[in-house]
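Novice: I would like the entire structure built from these sequences, with the hints used as guidance.
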Amino acid sequence: MMRSSVLFSNRYRLAAVSWGAVCLMLAITLAWLWPRATVNSSVLALLPHQVLGQAPEALQQGFLQRLDGQMVWLISPGDAASPAAAAWWLARLQAMPALKQVQGPISAQQQQAWGTFAWQHRNNLIDPATRARLAQGGAAQADWVLAQLYSAFAGVSSQEITHDPLMLVRGAQLALQKNASQLTLRDGWLMSTDSAGRPWYFIHGELANNAFNMQQSHQLVQQLTALETQLQQRYPTARVVTRGTVLFSDYASQQARHDVSTLGVATVAGVLLLVFAVFRSLRPLALCALSVGVGALAGTTITLLCFGELHLMTLVMSLSIVGISADYTLYYLTERLIHGGQVSARQSLHKVLPALLLALSTTVLAYLIMLWAPFPALRQLAVFASSGLIAACLTVVCWYPGLVRGLPVRPVPATFLLARWLAAWRRNRTVKFGLPGLVLVLTVIGLATLKVNDDVAQLQALPQPLLHQDRLVTALTGQRADQTWFMVYGASAQQTLQRLEALAPHLQQARQEKWLSDYRLLPLASLQRQQQDAALLQQAAPAVMARLRAAGVQVSEPELTPEPVTVPAWLASPQSEGWRLLWLSLADGRSGVLVPVSGVNNSAALARLADSLPGVSWIDRKSTFDQLFGTYRLLLSGLLAAAVAVIALSYVLRLGFRAGLISIIPSLLSLGAGLAALSFGGHSLNLFSMLALILVLGIGINYTLFFSNPRATPVTSLLAILLAMTTTLLTLGMLVFSSTQAISSFGIVLCSGIFTAFLLAPLALPSSKRTPS
Amino acid sequence: MRKRLLAALALVSLHAHAVTLDDLQQRFASQPVVRADFTQLREIKGMAQPLKSSGHLLVAQDKGLWWQQAQPFPLTLVLDDNRMVQVINGQPPQIITAASNPQMFQFNHLLRALFQADRQVLAANFAIDFVDQGQGRWRIQLTPKVSPLDKLFTRITLQGAAFLEQIDLSDKQGDGTHIVLSHQQLEPKTLTDDEKQRFVF
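Going down the list, the protein sequences come from chains A and B.
Read left to right, the first sequence gives residues 0 to 772 (numbering that gives the first Met the number 0).
Read left to right, the second sequence gives residues 0 to 200 (numbering that gives the first Met the number 0).
Don't read these hints as lab results, they were simulated from the structure.
A quick note: this is a predicted structure, and the numbers were derived from the prediction, not measured.
Cβ coordinates follow ideal geometry from the N, Cα and C atoms, glycine included.
Treat each hint with caution, since some may be false.
Partial list, derived from the structure: chain B residues whose beta carbon lies under 7 Å from chain A [what the hints assert, rightly or not]:
1) I43
2) K44
3) G45
4) A47
5) L74
6) V86
7) I87
8) Q172
Each computed DSSO-like pair below joins lysine-lysine, with the alpha-carbon atoms no more than 30 Å apart [claimed, not checked]:
9) B:K44 to B:K195
10) A:K513 to B:K62
11) A:K513 to B:K195
12) B:K44 to B:K188
13) A:K450 to A:K621
14) B:K144 to B:K44
Specialist: Below is the structure:
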């Protein structure tokens, strides 16, 4: 006895010291990792990587980053047109280190350089309409040239017709104009006029730093806001509208920060008050804080080790979930509170250990199911929560028997009420059948009215002013933020261009089918196509010239020597102004080009079109995400059903058929009640509510298991569960008040489910047979 | 006494006949449909002979402008509120909409403004110099004040009396276009079915 006790004591000391060493290592690792880690707040990072189809990952990321780095400003001076306010704004933007490539007016020099390049390479920059006319022979092109010549408003000069008798430059220019947005050129500025007649001047730029750094984003947004105030002081009638992903991501991260600080503070205060009320001692508070702290430490460190970064949303949700780890401390402390007088600290641990480990393993398993989700943030959440919970539990097991020495022993508060509650479950048929029956009725009503909505927009609660600005920019420029593109890619720049040319006729057809209303094709042909064009020109030129001469237009022979345009040369020229964004080449030559598409009617048909062509993928971020949400919601439903079946089976095997089935009822009804509450609250079912249900199942089982622990007394279990439930509601309940709908519906399902699980847990009381009623 | 009265009346009527741009606009506004023939002479510097073309045109206030060149080759141009259509020699019509090319569309509004003496559109784009030439004749000189018009034209001159009779465009490059309208008809005041078809594409 003595020997084994010493042995046990040694083993215990070893465990405590080892765990201390592990914690120290975690702390050191975190201290090293933290300054190097990024806290990611991009909503994009929450979403799966594979949404861009088969295209090379590096191209996808390159494009996404570039698109997210775009900024557009429209500045209106008031009712009268004057670029002064816009010029003032431009100068301020150009001075900001957070921005690069800020551009406003187009200088006469730039316009001239544009013309020079267009003329020099006219034989190689053939537009589709000219190509079609040339393909019909020279007559069609000649008619077109004549029509331009005779038109009083076309402004063809003798210089133009002498230097470019086939009017190839003019054709290419008209094609580009057709592609242009709603913006017109005035005093060198791109500008637009709104419905009230106010002129708006266009400025665009990029973020100097592509990485989404919360701090920098927030600084930039603040600087821009301050600048707007200055602008309005200087030009009282002036107005500015801005478009940029950075505005939305900054809003999201500020929102999350707000959630963390206010909800976090409220949560901690609530838990502390509750624990103090029950134990009337400060030490349990310190112990709760210690286990939660160690949990948070381990969660943060291990998540950073696995992913190299932390998503802000992970941090918000994980910290609340790790708060659940206070349950373990509470369960142990409750045991000590009641039985501390009779048994030693280690004996108490021995008593609660099976239930504790069973509870930990089921909960951790429930979280690990989230690793299945394709969303990086959810995987982070799974890793964070499970490692945090394990660490918190180990802290209780390894350290607390030593730390609780001398903790006051008091009678259970409100023993009388708790005992009556348990007795009611045994004797009162109204409670035993009525309560589950009532929950069942509510569940059925709730499920009947439950709506499903996989809209990804729920991830973000977007503020009206930002949406309003975005709509205004769309109306003024005609450039939508539709986020729908074809991405064409190839092993080389030329292969990419050839694939783009193969896609073009399909796009035209898609427009006829009304699958889309418009698209923008890069106005550059592959070298292969340029060669074909040169041959076409040689063939058609004599006929064009003959017809022009017959009409009395005397011009010299056209110069038809090709001057092939390569991608790098084009990108370096002023011709690619406004198009460069759409082209991306990697160091190894692999290239990609985006074809922006607007007015999509049939995303599925466009996806099929992309699948049928090599090197083309269809990108419809929102629709793809919505689809993924739906798919994974179904997948999780399946997993949940499987988990319930396995748990039911284990109950039946352990407790027998009848008692086993009765024991699964609280779990089933807690899931149903969670969904019913969602429906009554006017929310709809989505992926996030499914994730909450998995947690409800995991936590609900804890309660059943605490109750069915044969070594514990029912009243102790009830008190521990009551405390655990209250702290859980205090921590996760705060999520209900989040301004992000997804998080708030997550909180609603969790709270109502867990409360129901608590309410119905006595249904699984094993002692009903033993204790005579 | 009678002579005096007549003289006074003549004086009054003479004053009443001093034309203003507003009068002109009012007069043109009371002409819902104008049909006319045109001859156009386009002189391009460095080209031996001017390009001469002729045909018919129709301006309907509620429909737009229909310009049909018959000589030396057929070409039809139709401008309405939101489209610009050009048909050459039986080729498929080229349609430009206000949404697809607003820059080009400025010309559309301008052309119609020229034919209808739309003061608002003209004043937005040009410095206007209106000259009453006596006997009901008038001349308007328009100097472009916004781009891209100022890149194309140095001056646009309109002349006429009861109708718009002549349009002269002088290009920035020193080229010029001279359009003469004749055989103006105001009747019938509405478009015939045949004429309505000209605006359908």
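Novice: Each hint should be assessed against the structure and marked as holding or not.
Specialist: To see whether the hints hold, each was checked on the structure:
Among the interface hints, the one on I43 (chain B) holds; its C-beta lies about 5 Å from the nearest C-beta in chain A, closer than the 7 Å criterion. The interface hint given for K44 (chain B) is met, as the beta carbon of that residue sits about 5 Å from the closest beta carbon of chain A, less than 7 Å. With its C-beta approaching chain A no nearer than about 4 Å, G45 (chain B) sits inside the 7 Å limit, and its interface hint holds. Restraint check, A47 (chain B) versus chain A: the minimum CB separation of about 6 Å is within 7 Å; hint holds.
With its C-beta approaching chain A no nearer than about 5 Å, L74 (chain B) sits inside the 7 Å limit, and its interface hint holds. Checking V86 (chain B) against chain A: minimum C-beta separation of about 10 Å lies over 7 Å; hint violated. For I87 (chain B), the interface hint holds, the least distance from its beta-carbon to any beta-carbon of chain A being 5 Å, beneath 7 Å. Nearest Cβ of chain A to the Cβ of Q172 (chain B): about 4 Å, under the 7 Å cut. The hint holds.
At most 30 Å may separate the alpha-carbon atoms for a hinted pair to count; K44 (chain B) and K195 (chain B) exceed this at roughly 39 Å. For the given pair, K513 (chain A) sits about 28 Å from K62 (chain B) by alpha-carbon distance, which is consistent with the 30 Å threshold. A hinted pair counts as satisfied when its Cα atoms are at most 30 Å apart, and K513 (chain A) with K195 (chain B) qualifies at roughly 29 Å. Taking the CA atoms of K44 (chain B) and K188 (chain B), the gap is near 41 Å; set against the 30 Å cutoff, the hint is violated.
In summary, the hint linking K450 (chain A) to K621 (chain A) is supported, as the alpha carbons are separated by about 20 Å, within the 30 Å threshold. Proximity of K144 (chain B) to K44 (chain B) is assessed by CA-CA distance (about 24 Å); at most 30 Å being required, the pair is judged to hold.
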